[in-house]
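Asker: Chain residues, written in single-letter form:
2 protein chains.
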Amino acid sequence: MSLYETTVPQFIKMLQNVERWLGKAEAHAKAKKFEVDTLLQARLAPDQYPLVRQIQSACDGAKFGAARLSGKEAPRNPDTEQTWAEIQKRIAGTIEFLQSCKSEDFEGADKRLIALPFLEGKLLLGSDYLAEMVLPNMYFHLTTAYAILRHNGVDLGKMDYLGSLKLRDA
Amino acid sequence: MSLYETTVPQFIKMLQNVERWLGKAEAHAKAKKFEVDTLLQARLAPDQYPLVRQIQSACDGAKFGAARLSGKEAPRNPDTEQTWAEIQKRIAGTIEFLQSCKSEDFEGADKRLIALPFLEGKLLLGSDYLAEMVLPNMYFHLTTAYAILRHNGVDLGKMDYLGSLKLRDA
Chain A
1 MSLYETTVPQ FIKMLQNVER WLGKAEAHAK AKKFEVDTLL QARLAPDQYP
51 LVRQIQSACD GAKFGAARLS GKEAPRNPDT EQTWAEIQKR IAGTIEFLQS
101 CKSEDFEGAD KRLIALPFLE GKLLLGSDYL AEMVLPNMYF HLTTAYAILR
151 HNGVDLGKMD YLGSLKLRDA
Chain B
1 MSLYETTVPQ FIKMLQNVER WLGKAEAHAK AKKFEVDTLL QARLAPDQYP
51 LVRQIQSACD GAKFGAARLS GKEAPRNPDT EQTWAEIQKR IAGTIEFLQS
101 CKSEDFEGAD KRLIALPFLE GKLLLGSDYL AEMVLPNMYF HLTTAYAILR
151 HNGVDLGKMD YLGSLKLRDA
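Top line first, the protein sequences correspond to chains A and B. Residue numbering for the first sequence is 1 to 170, as defined by the numbering used here. Residue numbering for the second sequence is 1 to 170, as defined by the numbering used here.
Think of the hints as simulated: they come from the structure by calculation, not from any bench. Hints may be right or wrong, so weigh each one.
Pairs count within a copy or across copies, as identical chains cannot be separated in the list.
Stated by the list, open to error - In silico EDC-like pairs for lysine to aspartate or glutamate, Cα to Cα no more than 16 Å straight-line: (1) K30 - D155; (2) K32 - D128; (3) K166 - E120; (4) K122 - D169.
Model the full structure from these sequences, guided by the hints.
Answerer: Printed below as a string of structure tokens:
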């Protein structure tokens, strides 16, 4: 199974799921008559990132994961989003980058040696980078964003998290 | 990259991480003088599963994921855990099962057709089951358990979540 399959199409789908969560959050804010941007600063613990940073981190996780595994350059994002429209644009831009990553770019990705800016002098084998960092990290930020919205009363359920499945008839 | 690599050794490590989170939670309960079992019923939203069920679900996610992909029979767990000692035993039992799953059991797992009890009449290809269900679901329950503990003041950080990494010298 190629590293592309476990990441790119799945991350696109997950970010599209996030777009739908944001839609539901917007409807919730409207019904409860509060400014939806308030949710961007919501967090589950005072020393944990708020929603806006969880979404930025999920976007970064997907972007850097795909870029490092395929040897492409990741687009730069200065993390300046402060409004609902800005964070939606960030997600859309990330999806666009992921769509530019092709299956063939990931050939040999499992054997690639990956350098990380926060781990100076160290490298991770592509397959370890995928299993130990990219996947747990991506789903960490997605789930924390989901949990912040759930904690704030947004009407989300597990299928909003998982999204559509490639089901086949038995 | 085999489906074994993305799941079994990584899930063992993540469940060992959870064992350490529980140790930190126990120390926190002792310092704050509250009964640690109280945390098992903590949740982030009234209609979301509490900690005990998040951990049971993470254990199930790992167990069923590995069992279905390798064609092994999963051990049965009646989900009756109500104490700290019982949930620790559940985690240890799950790790033991995962350790019995060998790399060679996963040969051809990506092409296996997987039936799920809650999706009658439908099947998922092994590779789709891994990318669309096993991984997002496992990390969903792990992260939610982590978030519940963080929300309740347990001193955890991102490295407690990720655990050790297979770093190589550059």
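Asker: Indicate which option fits the pair K122, D169 if close means a Cα-Cα distance not exceeding 16 Å: within, between, both or neither.
Answerer: Result: close only across copies, 5 Å inter versus 46 Å intra.
Asker: My question is about K166 and E120: at a cut-off of 16 Å on alpha-carbon distance, are they close within one copy, between copies, both, or neither?
Answerer: between (40 Å within a copy, 14 Å between copies)
Asker: Is the C-alpha distance from K32 to D128 at most 16 Å within one copy, between copies, in both cases, or in neither?
Answerer: neither (45 Å within a copy, 38 Å between copies)
Asker: Pop the pair K30 and D155 into one bin, within, between, both or neither, using alpha-carbon distances up to 16 Å.
Answerer: Within one copy only: 13 Å inside, 35 Å across.
Checked against the numbered hints given earlier, the structure breaks only hint 2 and satisfies all the rest.
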